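Chains A and B are the protein sequences, given in the same order.
Following this note's numbering, the numbering of the first sequence begins with 840 at its first residue and continues without gaps.
Following this note's numbering, the numbering of the second sequence begins with 243 at its first residue and continues without gaps.
Bear in mind the hints are in silico, worked out from the structure with no lab data behind them.
Hints are not guaranteed to be accurate.
Stated by the list, open to error - Below, simulated EDC-like cross-link-like pairs (lysine to aspartate or glutamate); rule was C-alpha separation at most 16 Å, straight line:
#1 B:K326 with B:D314
#2 B:K490 with B:E327
#3 B:K324 with B:E340
#4 B:K524 with B:D504
#5 B:K550 with B:D248
#6 B:K357 with A:D941
#7 B:K523 with B:D506
#8 A:K841 with A:E905
#9 A:K928 with A:E943
#10 A:K841 with A:E886
#11 B:K324 with A:E943
#12 B:K324 with B:D248
#13 B:K310 with A:D844
#14 A:K841 with A:E855
#15 B:K324 with A:D941
#16 B:K300 with A:D941
#17 B:K324 with A:E886
#18 B:K434 with B:E401
On a predicted model such as this, the values are computed, not experimentally measured, just so you know.
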Amino acid sequence: MKLLDTAVHEIETAAELGRIISENENVMVSCGRMGPMCVPVYDIMEELEQERSDVKFYTMGFDTPEAAPIRNNPMCMGFMGLPFNLYYKNGRLVEATSSIQDREQITSILDEYFGK
Amino acid sequence: MEEIFDLMILGAGAAGLTAGIYSSRARLSTLILNEGVIGGQMVLTNEIANYPGVATTKGYTLAGIMKKQAKDFGCRIISNIKIKEYRLNDTLKTIVLEDGLKFRARAVILAPGGKPRTLNIPGENLYKGAGISYCATCDGDFFTGKEVVVIGGGNSALEEAVTLTSYASKVTVIHQFNHFQAFEHAIKEAEKNMKISFIMETEPREFKGNKVLGSVVIENLATGKLSEMKIDGVFIFIGYLPNTDALKNIVITNERNEIVVDTDMKTNIPGVFAAGDCIEKKYRQVATAVADGTIAALSAAEYLHNQKKINI
Numbered sequence: 840m841k842l843l844d845t846a847v848h849e850i851e852t853a854a855e856l857g858r859i860i861s862e863n864e865n866v867m868v869s870c871g872r873m874g875p876m877c878v879p880v881y882d883i884m885e886e887l888e889q890e891r892s893d894v895k896f897y898t899m900g901f902d903t904p905e906a907a908p909i910r911n912n913p914m915c916m917g918f919m920g921l922p923f924n925l926y927y928k929n930g931r932l933v934e935a936t937s938s939i940q941d942r943e944q945i946t947s948i949l950d951e952y953f954g955k
Numbered sequence: 243m244e245e246i247f248d249l250m251i252l253g254a255g256a257a258g259l260t261a262g263i264y265s266s267r268a269r270l271s272t273l274i275l276n277e278g279v280i281g282g283q284m285v286l287t288n289e290i291a292n293y294p295g296v297a298t299t300k301g302y303t304l305a306g307i308m309k310k311q312a313k314d315f316g317c318r319i320i321s322n323i324k325i326k327e328y329r330l331n332d333t334l335k336t337i338v339l340e341d342g343l344k345f346r347a348r349a350v351i352l353a354p355g356g357k358p359r360t361l362n363i364p365g366e367n368l369y370k371g372a373g374i375s376y377c378a379t380c381d382g383d384f385f386t387g388k389e390v391v392v393i394g395g396g397n398s399a400l401e402e403a404v405t406l407t408s409y410a411s412k413v414t415v416i417h418q419f420n421h422f423q424a425f426e427h428a429i430k431e432a433e434k435n436m437k438i439s440f441i442m443e444t445e446p447r448e449f450k451g452n453k454v455l456g457s458v459v460i461e462n463l464a465t466g467k468l469s470e471m472k473i474d475g476v477f478i479f480i481g482y483l484p485n486t487d488a489l490k491n492i493v494i495t496n497e498r499n500e501i502v503v504d505t506d507m508k509t510n511i512p513g514v515f516a517a518g519d520c521i522e523k524k525y526r527q528v529a530t531a532v533a534d535g536t537i538a539a540l541s542a543a544e545y546l547h548n549q550k551k552i553n554i
């Protein structure tokens with residue numbers, strides 16, 4: 840069931856999440872709600888989607904049980920702010936951040952792990 | 243050939259989008275350049291219950307409708323850009339972006355909005371998202387059964403403190419003055435809540451912890467005494483600052499860096515108007531930003547009309 844109202848594709852199941860990160864080289868997933876700290880991140884992803892064909896961008900609802908692999912990921916332990924932003928390279932989680940991020944913060948991570 | 247717009251609007255919050263709606267509908271070629279998120283502070287508001295004609299809505303929903311209205315009338319919107327240079331004193335105004343792109347227009351509306359004020363004390367950036375938050379509705383449930391502190395004494399601080407009592411076992415409001423700036427009903431609501439306590443005339447000085455926030459160092463402003471409080475979370479609501487750092491040496495601003503305008507939203511520079519949270523005014527609401535944007539767009543249209551007559 841979709842929980843988010845964004846133009847970025849929303850992952851609905853844990854199986855779909857697993858398939859996406861295993862089938863794509865560079866993936867960013869923002870897991871959150873339609874809250875004031877999350878919406879700005881989705882907006883930035885929507886724009887980056889047009890500019891970064893080397894990266895696949897997805898959102899996922901934080902409150903679905905299907906998001907357990909993200910909520911329980913060891914790299915997200917101690918996170919106490921939404922959204923959780925996760926960056927996967929060749930199926931492996933390489934970076935994760937918590938709470939609102941601006942465009943510069945997101946692109947610097949994309950550049951660092953996925954190349955410019 | 244370089245396109246010259248009738249009107250350029252800098253900012254896409256409630257004021258900027260409204261100005262875009264009015265000017266595009268008036269058939270002025272209009273470009274909105276936006277450095278932040280479309281919707282501005284409106285998007286950062288979880289629920290809006292006092293916008294006339296709309297019973298209750300989410301901030302992002304209202305922003306999305308305004309954006310669509312502006313686009314449907316033909317307004318062009320470019321977002322998430324960085325402005326490098328403002329050339330506003332010439333008859334033809336020029337904006338240069340960091341990537342070198344240039345945009346020109348015959349008139350400009352400045353609507354850069356505001357940004358949440360931060361404490362700028364040690365540990366604030368380090369523990370953002372790891373115990374420090376700026377949104378109780380978003381992050382409150384991470385603090386279920388825990389003890390949290392709210393910094394601030396305005397409406398947002400007290401309303402969010404009440405929201406946090408749904409999750410936290412204890413909420414302590416820390417405020418720098420001996421009285422609150424909030425409306426009476428917000429103060430009463432917070433004061434009657436048994437989970438909320440208050441520490442007045444006190445400011446935070448440092449956030450400490452390991453990987454997550456563990457304590458806050460506070461100073462009693464009356465005595466100068468420092469003490470350390472063990473806490474699980476901090477929520478900061480200490481108001482907003484106008485986004486005018488780059489503009490304060492171009493247009494006239496007051497001591498709070500707010501742009502000074504007349505009742506037609508005119509700045510001191512001919513053809514340059516300002517609207518929304520960046521201007522000198524008392525009340526900052528979506529409804530007042532919409533009103534400012536409307537007036538600025540109509541004044542800009544009048545200015546452009548008069549310019550045409552002069553040029554003929």
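Here is what the structure says about each hint:
1. B:K326 with B:D314: violated, 29 Å
2. B:K490 with B:E327: Within the cut-off at roughly 13 Å; holds.
3. B:K324 with B:E340: At roughly 6 Å apart (the allowed maximum being 16 Å), E340 (chain B) and K324 (chain B) satisfy the hint.
4. B:K524 with B:D504: holds, 14 Å
5. B:K550 with B:D248: holds, 11 Å
6. B:K357 with A:D941: holds, 13 Å
7. B:K523 with B:D506: holds, 13 Å
8. A:K841 with A:E905: holds, 11 Å
9. A:K928 with A:E943: With a Cα-Cα distance of about 20 Å, the restraint between K928 (chain A) and E943 (chain A) is violated, given a limit of 16 Å.
10. A:K841 with A:E886: violated, 21 Å
11. B:K324 with A:E943: holds, 10 Å
12. B:K324 with B:D248: Violated: K324 (chain B) and D248 (chain B) sit about 21 Å apart, past 16 Å.
13. B:K310 with A:D844: holds, 15 Å
14. A:K841 with A:E855: holds, 13 Å
15. B:K324 with A:D941: Roughly 12 Å separates the two Cα atoms, so the pair holds.
16. B:K300 with A:D941: At roughly 21 Å apart (the allowed maximum being 16 Å), D941 (chain A) and K300 (chain B) break the hint.
17. B:K324 with A:E886: Holds, at about 14 Å.
18. B:K434 with B:E401: holds, 12 Å
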